[in-house]
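Enquirer: The primary structure of each chain is shown beneath.
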Amino acid sequence: MEQRQQIEELVYRSCLALDDRDYKGFLALCDPGFRYKVMVYSPEIRKDMVWLDHDRAGMETLFVNLPRHNSDHSPLSRHATVYTVKVQGQQAEVVSALQVFRTALDGGATELYSVARLIDTIKLDGGEPRLASRVVKVETRQLGFGSHIPF
Amino acid sequence: MAKTAMQWNAPPKFPASHYVDSRIYTDQAIHDEEVERLFKPSWIIACHESEIPSAYDYRLFTHPAGVPLIVVRGEDMKVRSFYNICPHRGNTILYDPAGNAKRMTCIFHAWSFDTRGNCIEISRAEQGYQKRFCKEDAGLREVKLEIGFGGFAWVNLDDASCTLREYIGPALDVLDPFMQEPLEVFHFNRAVVNTNYKLWHDTNSEFYHDFVHYFNRITGMMQPGYFDRKYTAFENGHASVGSMSIQYDKYEGSKERAVGWPGLAPGGWYMVDLFPAMTYNLRTSVLRIDTALPLGPNKVAIEFRGLGLKRDTPAQRAQRVFDHNTIWGPFGRNLHEDLLAVHGQGRAMREGTGSRWVIHGREENSTIHDEVGMRHFYAEWSRRMGRKSYDPMREGRPEPARAAA
Chain A
1 MEQRQQIEEL VYRSCLALDD RDYKGFLALC DPGFRYKVMV YSPEIRKDMV WLDHDRAGME
61 TLFVNLPRHN SDHSPLSRHA TVYTVKVQGQ QAEVVSALQV FRTALDGGAT ELYSVARLID
121 TIKLDGGEPR LASRVVKVET RQLGFGSHIP F
Chain B
1 MAKTAMQWNA PPKFPASHYV DSRIYTDQAI HDEEVERLFK PSWIIACHES EIPSAYDYRL
61 FTHPAGVPLI VVRGEDMKVR SFYNICPHRG NTILYDPAGN AKRMTCIFHA WSFDTRGNCI
121 EISRAEQGYQ KRFCKEDAGL REVKLEIGFG GFAWVNLDDA SCTLREYIGP ALDVLDPFMQ
181 EPLEVFHFNR AVVNTNYKLW HDTNSEFYHD FVHYFNRITG MMQPGYFDRK YTAFENGHAS
241 VGSMSIQYDK YEGSKERAVG WPGLAPGGWY MVDLFPAMTY NLRTSVLRID TALPLGPNKV
301 AIEFRGLGLK RDTPAQRAQR VFDHNTIWGP FGRNLHEDLL AVHGQGRAMR EGTGSRWVIH
361 GREENSTIHD EVGMRHFYAE WSRRMGRKSY DPMREGRPEP ARAAA
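Respectively, the protein sequence lines represent chains A and B. If you're matching positions, the first sequence starts at 1 in my numbering and goes up one per residue. If you're matching positions, the second sequence starts at 1 in my numbering and goes up one per residue.
Be careful, since some hints might not be right.
Straight-line distance between alpha carbons at most 27 Å, and here's what the computed BS3-like set of lysine-lysine pairs gives [to be verified]:
| hint | chain 1 | residue 1 | chain 2 | residue 2 |
| --- | --- | --- | --- | --- |
| 1 | A | 47 | A | 137 |
| 2 | B | 144 | B | 40 |
| 3 | A | 137 | B | 310 |
| 4 | B | 102 | B | 144 |
| 5 | A | 37 | A | 47 |
| 6 | A | 37 | B | 310 |
| 7 | A | 137 | A | 86 |
| 8 | B | 78 | B | 144 |
| 9 | A | 123 | A | 24 |
| 10 | B | 102 | B | 310 |
| 11 | B | 102 | A | 47 |
| 12 | A | 47 | B | 310 |
| 13 | B | 78 | B | 310 |
| 14 | A | 123 | A | 86 |
| 15 | A | 47 | B | 78 |
Restraint-style ranges between C-beta atoms, simulated for each label pair [claimed, not checked]:
| hint | chain 1 | residue 1 | chain 2 | residue 2 | range |
| --- | --- | --- | --- | --- | --- |
| 16 | A | 32 | B | 77 | 44 to 52 Å |
| 17 | B | 295 | A | 125 | 51 to 59 Å |
| 18 | B | 386 | A | 101 | 45 to 53 Å |
Keep in mind the hints are simulated off the structure, nothing from the lab. Cβ coordinates follow ideal geometry from the N, Cα and C atoms, glycine included.
Produce the entire structure from the sequences given, and follow the hints as far as they go.
Expert: This is how it looks when you write it as structure tokens:
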């Protein structure tokens, strides 16, 4: 039970770090071999699509470059619920539901921005659990003017 | 110097061809007229042939005029298009955006149609209609469709329209050498933004806005050859932009596009803007197609497609997808910036904001920061609309004197 709690906390802390734009904090939760993917199924072209795919170095670069780009500054709030945790040896496969809310800076109205599922592989080899990979399976395909910040 | 209301509302000190009245982006009556005069008689990209590779594959497309269309490949492998409207009680025939349907059957009363638009079954026909009406009377409304220019399925609602080739003319000749083999769509994304469709097309018609893109400033604007790219204008409001070599390695975390594109120089980049609102954008390893579909004066749905070669190996395709997403994906560096910019225009120009004019006044010998692409578009817009883009309400505004250099 303690292990499950640690795993759940890792998922939640990763969401909090991204909510806070604490990208160093987020990467500190990730394994050196971390890989991040956003995947979407398109019923229009009847294909799985990859919308973002980076290794840890790619994520670091993405975060470093963020201030150099013009981006929407509306805060994103991630609400995750861990559904299943399947421990196999030194790693766990974790499936969580994710909703992302966006709050307008001007006026503070909040809207549901995206619904998705997080499929995390978590390393459990000894110390603190770490994210080995995250696949964000996004259901919401209309993202308006989009985002530079991953979910 | 800041302006008074009178100064703000006075026409800009440019020739009338070099600015537009911002009401062309906000007025409902103008929008409605654009649908009738620009979109209904124009050839519009509905989908790509790779989206319907097999017999009986279909794809739905809502035309900017609001007409729901089915694009379907027949058993003879010919692609045709029909209204997705049952001739019986006006119901939707097909619901899913894509699929495979040997018989297209309306769920309401089970009338069925084949891929040539023939009605092939009316349930309990004789009992209800006796000899007064039969399936031969109940065909679907067919819409003109042609496959061309890279394997796209183009539709035209006007039965009397010119051919697709006549409509495009030589505008896509510059891309012809690069579209000689079958292509395949790997990316589809529809962005709905509160802005006018022309503002998106404007963005695709000028590169002065590279200032919004850190990526383009680093890999393009600061590199040799950038200011040599030239616009070429074509009949029917189309325009193209010549190539340059993008220096991808100048952007941290980016790299040379190794997979390339047959015949295209490494780092090459061509763009062709097609009237009224489509863009071909071939950049090094990916062909991107934008189709802007107006939903109202201040709302547009933009369909983005990313294409590679049908013969791609999995590794080549993965590289193209990566290249595409880095810049043009919904989380990519440039697409968000472009969409944010036109969202900002929509926000500033909507009815009642006091926005008055939009200036297209840059002249740089038709090179990359010249705004000739937009001027060419609005000349055609004015011709087809029967309204001057600088005086759309026909208020008889005299053309202002040319500003002193």
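Enquirer: Compare the structure with each hint and give your call.
Expert: For each hint, the structure was consulted:
Taking the CA atoms of residue 47/A and residue 137/A, the gap is about 13 Å. The hint holds against a cut of 27 Å. The hinted pair formed by residue 144/B and residue 40/B meets the criterion: a straight-line CA distance of about 12 Å does not exceed 27 Å. For the given pair, residue 137/A sits about 26 Å from residue 310/B by alpha-carbon distance, which is consistent with the 27 Å threshold. A hinted pair counts as satisfied when its Cα atoms are at most 27 Å apart, and residue 102/B with residue 144/B qualifies at roughly 21 Å.
For the given pair, residue 37/A sits about 16 Å from residue 47/A by alpha-carbon distance, which is consistent with the 27 Å threshold. Pair hint residue 37/A plus residue 310/B holds up; C-alpha atoms about 24 Å apart against a cutoff of 27 Å. Under the criterion of a C-alpha separation no larger than 27 Å, the hint pairing residue 137/A with residue 86/A is consistent with the structure, at around 18 Å. The suggested pairing of residue 78/B with residue 144/B holds, with an alpha-carbon distance near 13 Å, which does not exceed 27 Å.
A threshold of 27 Å between alpha carbons decides the hint, and for residue 123/A with residue 24/A the separation of about 19 Å falls inside it, so the pair holds. Only pairs whose Cα atoms come within 27 Å are accepted, and residue 102/B paired with residue 310/B is accepted, the gap being roughly 25 Å. In summary, the hint linking residue 102/B to residue 47/A is supported, as the alpha carbons are separated by about 21 Å, within the 27 Å threshold. Proximity of residue 47/A to residue 310/B is assessed by CA-CA distance (about 14 Å); at most 27 Å being required, the pair is judged to hold.
Note on residue 78/B and residue 310/B: the hinted pairing holds, with a Cα-Cα distance of about 19 Å set against a maximum of 27 Å. Of the pairs offered as hints, the one joining residue 123/A and residue 86/A holds, with about 12 Å between alpha carbons and a cut-off of 27 Å not exceeded. With a CA separation close to 23 Å, the supplied pair residue 47/A and residue 78/B stays within the 27 Å bound. Hint check: residue 32/A to residue 77/B, Cβ distance near 51 Å, so the stated range 44 to 52 Å holds.
For residue 295/B paired with residue 125/A, a C-beta distance near 52 Å keeps the hint of 51 to 59 Å intact. Evaluation of the 45 to 53 Å hint for residue 386/B and residue 101/A yields a pass: the beta carbon distance comes to about 47 Å.
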